[in-house]
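The sequence shown maps to residues 1 to 163 in this note's numbering.
Errors might be hidden in some of the hints.
Claimed, not checked - Calculated cross-link-like contacts (lysine to any residue; reagent style SDA-like; alpha-carbon spacing at most 20 Å): (1) K46 - L15; (2) K112 - L129; (3) K18 - A6; (4) K101 - F80; (5) K46 - I106; (6) K18 - G50; (7) K120 - R76; (8) K46 - Y100; (9) K101 - N43; (10) K112 - N82; (11) K112 - N43; (12) K112 - P83; (13) K46 - F98; (14) K120 - L109; (15) K18 - A56; (16) K46 - D4; (17) K18 - L129; (18) K46 - A6; (19) K46 - S91; (20) K101 - S62; (21) K120 - S34; (22) K120 - D105.
It is worth saying that the hints were derived from the structure and are not from the lab. A quick note: this is a predicted structure, and the numbers were derived from the prediction, not measured.
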Amino acid sequence: MEIDEAIKGSGDKRLKSKYNSAIYVIQRALALYSVEEVALSFNGGKDSTGWLFLHAAGKNLSIENPGDADITFPIRTIYFENPTAFPEINSFTYETAFTYKLQMDIIRLDFKSGLEALLKANPIRAIFLGVRSGDPTGDKERIRAAAEALCKKFHPGTLSEID
1 MEIDEAIKGS GDKRLKSKYN SAIYVIQRAL ALYSVEEVAL SFNGGKDSTG WLFLHAAGKN
61 LSIENPGDAD ITFPIRTIYF ENPTAFPEIN SFTYETAFTY KLQMDIIRLD FKSGLEALLK
121 ANPIRAIFLG VRSGDPTGDK ERIRAAAEAL CKKFHPGTLS EID
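Full structure from sequences and hints, please.
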(Lines of atoms letter the chains of each structure in order from A; the text may use other names.)
(Lines give C-alpha, C1' and ligand atoms only; values in the text may rest on other atoms or scores of the structure.)
Protein backbone atom coordinates (compact mmCIF):
# COMPACT_ATOMS: atom_id res chain seq x y z
CA MET A 1 0.00 0.00 0.00
CA GLU A 2 1.36 3.41 -0.96
CA ILE A 3 0.93 5.11 2.41
CA ASP A 4 2.76 2.29 4.21
CA GLU A 5 5.66 2.38 1.74
CA ALA A 6 5.88 6.18 1.92
CA ILE A 7 5.98 6.23 5.72
CA LYS A 8 8.51 3.41 5.94
CA GLY A 9 10.69 5.22 3.39
CA SER A 10 10.53 8.46 5.35
CA GLY A 11 13.41 9.57 7.53
CA ASP A 12 11.02 11.20 10.01
CA LYS A 13 11.15 9.08 13.20
CA ARG A 14 8.30 10.98 14.86
CA LEU A 15 6.03 10.43 11.84
CA LYS A 16 6.93 6.72 11.73
CA SER A 17 6.20 6.37 15.44
CA LYS A 18 2.78 8.03 15.17
CA TYR A 19 1.93 6.00 12.06
CA ASN A 20 2.99 2.73 13.69
CA SER A 21 0.91 3.56 16.79
CA ALA A 22 -2.16 4.31 14.67
CA ILE A 23 -1.73 1.15 12.59
CA TYR A 24 -1.31 -0.90 15.79
CA VAL A 25 -4.60 0.44 17.21
CA ILE A 26 -6.43 -0.27 13.94
CA GLN A 27 -4.98 -3.76 13.59
CA ARG A 28 -5.76 -4.48 17.25
CA ALA A 29 -9.41 -3.51 16.71
CA LEU A 30 -9.57 -5.67 13.58
CA ALA A 31 -8.06 -8.59 15.52
CA LEU A 32 -10.67 -8.23 18.28
CA TYR A 33 -13.66 -7.58 16.04
CA SER A 34 -14.79 -8.43 12.51
CA VAL A 35 -14.53 -5.79 9.79
CA GLU A 36 -18.32 -5.43 9.96
CA GLU A 37 -18.08 -4.48 13.65
CA VAL A 38 -15.52 -1.69 13.17
CA ALA A 39 -16.51 1.78 11.98
CA LEU A 40 -14.92 5.15 11.39
CA SER A 41 -16.61 8.44 12.14
CA PHE A 42 -16.07 10.32 8.87
CA ASN A 43 -17.13 13.93 8.41
CA GLY A 44 -14.95 15.00 5.48
CA GLY A 45 -12.57 17.02 7.63
CA LYS A 46 -8.77 16.75 7.55
CA ASP A 47 -8.51 14.60 10.67
CA SER A 48 -11.17 12.09 9.64
CA THR A 49 -9.80 11.93 6.09
CA GLY A 50 -6.39 11.09 7.54
CA TRP A 51 -7.99 8.40 9.70
CA LEU A 52 -9.78 7.03 6.62
CA PHE A 53 -6.47 6.40 4.86
CA LEU A 54 -4.88 5.02 8.04
CA HIS A 55 -7.87 2.71 8.49
CA ALA A 56 -7.53 1.47 4.90
CA ALA A 57 -3.80 0.85 5.43
CA GLY A 58 -4.43 -0.97 8.72
CA LYS A 59 -7.16 -3.11 7.14
CA ASN A 60 -4.96 -4.04 4.17
CA LEU A 61 -1.97 -4.81 6.40
CA SER A 62 -4.20 -7.01 8.62
CA ILE A 63 -5.33 -9.30 5.84
CA GLU A 64 -3.33 -12.51 6.05
CA ASN A 65 -4.86 -14.16 3.00
CA PRO A 66 -5.95 -11.99 0.04
CA GLY A 67 -8.75 -14.49 -0.55
CA ASP A 68 -10.37 -13.64 2.80
CA ALA A 69 -13.95 -12.40 2.59
CA ASP A 70 -13.12 -9.43 4.84
CA ILE A 71 -11.09 -7.78 2.07
CA THR A 72 -14.26 -7.23 0.06
CA PHE A 73 -16.24 -5.76 2.94
CA PRO A 74 -16.17 -1.98 2.58
CA ILE A 75 -14.87 0.27 5.31
CA ARG A 76 -17.88 1.21 7.41
CA THR A 77 -18.14 4.94 8.03
CA ILE A 78 -20.54 6.93 10.13
CA TYR A 79 -21.50 10.40 8.93
CA PHE A 80 -23.38 12.76 11.22
CA GLU A 81 -24.91 14.95 8.53
CA ASN A 82 -25.13 18.56 9.61
CA PRO A 83 -27.57 20.81 7.74
CA THR A 84 -25.44 23.87 8.64
CA ALA A 85 -22.21 22.39 7.25
CA PHE A 86 -20.61 23.97 4.21
CA PRO A 87 -22.04 22.36 1.04
CA GLU A 88 -18.47 21.57 -0.02
CA ILE A 89 -17.98 19.41 3.10
CA ASN A 90 -21.13 17.40 2.36
CA SER A 91 -20.12 17.04 -1.31
CA PHE A 92 -16.59 15.94 -0.41
CA THR A 93 -17.90 13.42 2.12
CA TYR A 94 -20.35 11.84 -0.33
CA GLU A 95 -17.86 11.89 -3.22
CA THR A 96 -15.20 10.24 -1.03
CA ALA A 97 -17.66 7.55 0.04
CA PHE A 98 -18.51 6.86 -3.60
CA THR A 99 -14.89 6.95 -4.84
CA TYR A 100 -13.58 4.59 -2.15
CA LYS A 101 -16.74 2.44 -2.03
CA LEU A 102 -17.31 3.11 1.67
CA GLN A 103 -20.32 1.80 3.51
CA MET A 104 -21.65 5.07 4.90
CA ASP A 105 -24.24 5.12 7.67
CA ILE A 106 -25.77 8.60 7.51
CA ILE A 107 -27.13 9.93 10.77
CA ARG A 108 -29.47 12.91 10.76
CA LEU A 109 -30.02 13.06 14.52
CA ASP A 110 -28.05 14.61 17.35
CA PHE A 111 -24.88 12.73 18.29
CA LYS A 112 -26.25 10.79 21.27
CA SER A 113 -29.61 9.83 19.71
CA GLY A 114 -27.96 9.01 16.40
CA LEU A 115 -25.33 6.81 17.99
CA GLU A 116 -27.93 5.00 20.09
CA ALA A 117 -30.05 4.28 16.99
CA LEU A 118 -27.00 3.15 15.02
CA LEU A 119 -25.83 0.76 17.74
CA LYS A 120 -29.30 -0.75 18.10
CA ALA A 121 -29.49 -1.45 14.37
CA ASN A 122 -25.89 -2.53 13.66
CA PRO A 123 -23.32 -4.90 15.18
CA ILE A 124 -20.73 -2.14 15.72
CA ARG A 125 -18.24 -2.85 18.51
CA ALA A 126 -15.50 -0.26 17.79
CA ILE A 127 -15.68 3.25 16.36
CA PHE A 128 -12.64 5.29 15.40
CA LEU A 129 -13.10 8.96 16.12
CA GLY A 130 -10.25 11.27 15.18
CA VAL A 131 -9.69 13.94 17.80
CA ARG A 132 -6.80 16.35 17.56
CA SER A 133 -4.73 16.36 20.77
CA GLY A 134 -4.81 20.17 20.96
CA ASP A 135 -8.57 20.35 20.41
CA PRO A 136 -10.22 21.97 23.45
CA THR A 137 -13.14 19.51 23.13
CA GLY A 138 -10.82 16.56 22.59
CA ASP A 139 -10.17 15.58 26.20
CA LYS A 140 -9.40 11.85 26.02
CA GLU A 141 -10.84 11.07 29.46
CA ARG A 142 -14.12 12.87 28.73
CA ILE A 143 -14.51 11.07 25.40
CA ARG A 144 -13.58 7.75 27.01
CA ALA A 145 -16.18 8.27 29.77
CA ALA A 146 -18.90 9.03 27.21
CA ALA A 147 -17.94 5.96 25.17
CA GLU A 148 -18.00 3.74 28.26
CA ALA A 149 -21.46 5.00 29.23
CA LEU A 150 -22.83 4.24 25.77
CA CYS A 151 -21.17 0.83 25.59
CA LYS A 152 -22.47 -0.18 29.02
CA LYS A 153 -25.96 0.70 27.85
CA PHE A 154 -25.82 -1.31 24.62
CA HIS A 155 -23.05 -3.86 25.08
CA PRO A 156 -22.42 -4.41 28.81
CA GLY A 157 -18.93 -5.72 29.52
CA THR A 158 -17.68 -5.43 25.94
CA LEU A 159 -15.70 -2.18 25.90
CA SER A 160 -12.06 -3.01 25.31
CA GLU A 161 -9.10 -0.76 25.90
CA ILE A 162 -7.39 -0.80 22.52
CA ASP A 163 -5.09 2.17 22.77
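Okay, the hints, checked on the actual structure:
1. K46 - L15: Holds, at roughly 17 Å.
2. K112 - L129: This hinted pair holds, its Cα atoms lying about 14 Å apart.
3. K18 - A6: Holds, because 14 Å separates the two Cα atoms, which is no more than 20 Å.
4. K101 - F80: holds (18 Å)
5. K46 - I106: holds (19 Å)
6. K18 - G50: Status holds; Cα separation ~12 Å.
7. K120 - R76: Given that 20 Å is the threshold and the Cα spacing comes to 16 Å, the pair holds.
8. K46 - Y100: holds (16 Å)
9. K101 - N43: holds (16 Å)
10. K112 - N82: holds (14 Å)
11. K112 - N43: holds (16 Å)
12. K112 - P83: Holds: K112 and P83 sit about 17 Å apart, inside 20 Å.
13. K46 - F98: OK: K46 and F98 at ~18 Å, within 20 Å.
14. K120 - L109: OK: K120 and L109 at ~14 Å, within 20 Å.
15. K18 - A56: Distance ~16 Å between K18 and A56 Cα, so the pair holds.
16. K46 - D4: holds (19 Å)
17. K18 - L129: Holds - the C-alpha atoms of L129 and K18 are around 16 Å apart, at most 20 Å.
18. K46 - A6: holds (19 Å)
19. K46 - S91: holds (14 Å)
20. K101 - S62: holds (19 Å)
21. K120 - S34: OK: K120 and S34 at ~17 Å, within 20 Å.
22. K120 - D105: holds (13 Å)
Against the hints set out earlier in the document, no violation occurs for any number.
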